[in-house]
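Enquirer: Just so you know, the sequences run in chain order R and L.
Take full-length UniProt numbering: the last position of the first sequence gets the number 428, and nothing is skipped along the way.
Take full-length UniProt numbering: the last position of the second sequence gets the number 305, and nothing is skipped along the way.
I should point out that these hints are in silico values taken from the structure, not numbers from a laboratory.
Glycine included, every Cβ here is placed at the ideal spot set by N, Cα and C.
The reader is advised that the hints may include incorrect statements.
Cut-off 20 Å, straight-line C-alpha distance, at most; resulting in silico cross-link-like pairs (EDC-like, lysine to aspartate or glutamate) [to be verified]: (1) R:LYS147 with R:GLU105; (2) L:LYS88 with R:GLU175; (3) R:LYS239 with R:ASP294; (4) L:LYS65 with L:GLU31; (5) L:LYS223 with L:ASP52; (6) L:LYS88 with R:ASP311; (7) L:LYS88 with R:ASP294; (8) L:LYS13 with L:GLU24.
Okay, the calculated beta carbon distance ranges per label pair [unchecked claim]: (9) R:SER87 with L:MET97: 44 to 52 Å; (10) L:ALA96 with R:GLY267: 18 to 26 Å; (11) L:ARG235 with R:GLY267: 41 to 49 Å; (12) L:GLU25 with R:GLY267: 32 to 40 Å; (13) L:ASN227 with R:LYS241: 53 to 61 Å; (14) L:LEU92 with R:ALA290: 19 to 27 Å; (15) R:LEU427 with L:SER86: 31 to 39 Å; (16) L:MET97 with R:ASP294: 55 to 63 Å; (17) L:ALA208 with R:GLY267: 35 to 43 Å; (18) R:SER87 with L:THR54: 35 to 43 Å.
Among the chain R residues that face chain L by a calculated CB cut under 10 Å, a handful are [unchecked claim]: (19) GLU128; (20) GLY130; (21) GLY191; (22) GLY194; (23) ALA268.
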Amino acid sequence: MIIRNVRILGGEPVDIRLADGMIAEIGQGLDGPESVDGAGAIALPGLVDLHTHLREPGREDAETVQTGTQSAARGGYTAVHAMANTSPVADTAGVVEQVWRLGREFGHCDVHPVGAVTVGLEGRQLAELGAMADSAARVRVFSDDGKCVDDAVLMRRALEYVKAFDGVVAQHAQEPRLTSGAQMNEGVVSGRLGLTGWPAVAEEAVIARDCLLAAHVGSRLHVCHVSTAGSVEILRWAKSKGWNVTAEVTPHHLLLTDDLVEESPVGAYNPIYKVNPPLRTRADVEALRAALADGTIDAVATDHAPHPVEDKETEWSAAAMGMVGLETALSVVQEAMVETGLLDWAGVAERMSVVPARIGRLAGHGQPLQAGSPANITLYDPSVRTKVDPSAFASKSRNTPYEGMTLPGRVVATFLRGRPTVLEGKLV
Amino acid sequence: MNRHLISAGDLAKDDALLILDTAEELARVSERSIKKLPTLRGRTVVNLFFEDSTRTRISFEAAAKRLSADVINFSAKGSSVSKGESLKDTALTLEAMGADAVVIRHSASGAPYRLATWVHGSVVNAGDGTHEHPTQALLDAFSMRRRLGGLEGRKVTIVGDVLHSRVARSNVLLLHTLGAEVTLVAPPTLLPVSVGSWPCEVSYDLDAVLPKSDVVMMLRVQKERMNAAYFPSEREYSRRYGLDRDRFAKMPDDAIVMHPGPMNRGMEIAAEVADSARSTIVEQVANGVTIRMAVLYLLLGGEIA
């Protein structure tokens with residue numbers, strides 16, 4: 001198959017020949033029987049998400065491996081890391097293999113399960129990390145995401161233990177005592193709205209501790225969904241020391257701010273904006289964008305968190321935390337980073353494919369678009385602007401904060417090892 | 001005026017004065033032997049109380065009944081709410097019954113805003129979590145105005161658990177709108193970190209503020225705050241922030257003492273201060289009915305007979 005007239009990382013138009021799941025040849029005017037017209041779209045290496053909640057097993061009313069990976073493919077992803085906070089928790093080889101197999105069965109994108117750090121996410125006893133690493137799912141990323149591994153000794157042990165199989169602990173940095181009952185970013189807006197504050201320091205203190213622990217034991221640390229300017233400062237410092245620390249930021253933390261809770265087109269206290277970590281201030285957004293641009297933050301990760309309607313159509317404090325994000329991620333990154341001149345398309349590829357694949361140790365993803373690489377490719381048309389319509393999502397859930405917003409760009413096609421999973425914006 | 005009354009901040013100065021002036025007129029009705037007005041005959045007011053608050057509920061009930069409205073009391077206890085019915089479903093039920101106004105008390109901050117997106121009638125916030133309690137602020141302003149004349153330039157000191165107080169939030173907003181100068185006094189643990197952005201002064205020293213106050217409003221201190229380490233002990237709180245007889249003596253002679261109730265006598269306020277002639281605490285209750293009549297009357301567009 002030949003993909004015609006695409007611009008690799010926004011460069012000059014070329015054709016790409018795919019054969020046996022690989023990129024066979026790149027050039028102009030390639031000959032072949034079957035072809036897809038790229039119509040000048042940008043070609044990126046297939047996107048890789050480090051942070052996806054597929055909800056299966058346990059909350060199939062919100063999302064399944066099938067619908068979640070369809071949503072991923074629609075968003076231009078060829079691999080996702082499925083978070084462990086399912087029911088049962090992905091804390092054994094059995095559960096991670098089940099999720100991994102479901103991903104293979106549906107084939108919309110590769111599913112790499114994340115293993116829980118502790119049994120039942122309870123923060124008391126290490127889960128069988130080695131068994132998960134050795135399983136068919138070959139788990140390399142471990143996280144209690146949704147909960148923080150707040151016990152310093154347990155965190156140290158986890159960081160040390162996963163070195164044996166080149167794993168990484170992805171920490172959900174949230175000091176639990178400082179965030180007991182917390183509802184939104186602690187600041188001017190929370191004070192006015194009478195919602196229990198979620199102080200930035202609750203995230204920053206854990207990140208600082210974990211950086212120091214990772215340095216002490218010589219381990220690899222990954223920080224999930226960084227949301228504050230202070231966290232950026234700490235990461236910059238840790239990286240300046242040469243410590244092996246990586247971090248991700250979500251698209252929503254690059255675009256949205258906490259004042260939406262008070263005033264937005266969907267009304268005050270609308271839980272569509274309730275998310276963990278919470279939306280922060282404009283100054284935080286600016287710091288996160290700058291950090292993603294300069295590499296202090298390594299990757300964009302969606303934290304795609306589907307919830308059924310009834311878990312969001314409630315009073316604020318009763319609502320579930322989280323937003324779906326797979327199908328809007330690239331558009332939001334274009335809006336926040338490319339339109340602002342902070343990243344070019346090569347930078348987007350780096351932050352949304354190359355580096356997340358490296359952090360997750362996914363050999364077949366995040367490779368440069370050149371002959372000999374696996375044919376994992378996303379075609380993206382950045383020139384259109386469309387209104388976000390949640391009813392068109394492939395995801396089972398509709399909890400997007402972007403409903404009705406006009407965002408740039410559209411995923412035209414996604415190829416997984418040479419096979420289209422999305423063509424002309426539609427699932428194949 | 002807006003269709004709803006959810007935040008005191010939604011009231012422009014003219015709106016607030018209109019409510020206070022209307023309440024003055026209605027207060028005269030309350031002095032008649034027959035207190036009832038036909039104004040809201042045929043209109044339905046629902047009291048939707050998800051939190052126990054007999055005082056506030058009967059105050060709204062009395063207000064609606066004096067205006068001849070039909071009143072439905074819907075309390076969360078023993079209702080479908082305790083069986084897990086959502087706020088939205090409750091709202092749709094009330095909507096189907098044709099409620100012209102819904103008075104809501106809820107433990108979740110912002111619940112009245114959510115309710116307002118699901119019902120067509122007017123929503124009146126009767127206290128939402130730690131957010132606001134605008135009719136309390138209106139009745140406080142009404143009580144102050146009756147005792148002191150105008151509010152312009154008056155110095156109002158609000159003392160206590162500002163962090164968790166919906167009364168404080170509504171009072172700061174409304175009193176600022178009406179031209180009063182508010183000072184909040186509390187231990188730093190019981191003030192929001194962002195309190196510097198509020199339209200008021202802040203002090204940690206009650207003794208320094210008292211001699212300059214025209215009004216001292218004491219807030220109830222919940223005993224469970226002590227367990228969460230907001231302050232070391234009830235005794236220490238009382239010593240530093242309680243209005244006892246000695247502190248009362250430091251207030252100017254014509255300054256008044258207020259409390260939204262229910263009081264912890266001996267904790268934030270000494271019994272003899274609460275019961276003194278300069279305390280408005282009992283008047284506040286009576287004024288509550290009057291101000292709520294004014295609010296319902298104006299929101300539902302009635303006429304004074």
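Enquirer: If a hint holds in the structure, say so; if it does not, say that too.
Expert: Okay, the hints, checked on the actual structure:
no.	hint	result
1	R:LYS147 with R:GLU105	violated (30 Å)
2	L:LYS88 with R:GLU175	violated (33 Å)
3	R:LYS239 with R:ASP294	holds (12 Å)
4	L:LYS65 with L:GLU31	holds (16 Å)
5	L:LYS223 with L:ASP52	holds (17 Å)
6	L:LYS88 with R:ASP311	holds (11 Å)
7	L:LYS88 with R:ASP294	violated (45 Å)
8	L:LYS13 with L:GLU24	holds (17 Å)
9	R:SER87 with L:MET97: 44 to 52 Å	violated (39 Å)
10	L:ALA96 with R:GLY267: 18 to 26 Å	holds (21 Å)
11	L:ARG235 with R:GLY267: 41 to 49 Å	holds (45 Å)
12	L:GLU25 with R:GLY267: 32 to 40 Å	holds (34 Å)
13	L:ASN227 with R:LYS241: 53 to 61 Å	violated (41 Å)
14	L:LEU92 with R:ALA290: 19 to 27 Å	violated (46 Å)
15	R:LEU427 with L:SER86: 31 to 39 Å	holds (33 Å)
16	L:MET97 with R:ASP294: 55 to 63 Å	holds (59 Å)
17	L:ALA208 with R:GLY267: 35 to 43 Å	holds (42 Å)
18	R:SER87 with L:THR54: 35 to 43 Å	holds (41 Å)
19	GLU128	violated (37 Å)
20	GLY130	violated (41 Å)
21	GLY191	holds (3 Å)
22	GLY194	holds (3 Å)
23	ALA268	holds (4 Å)
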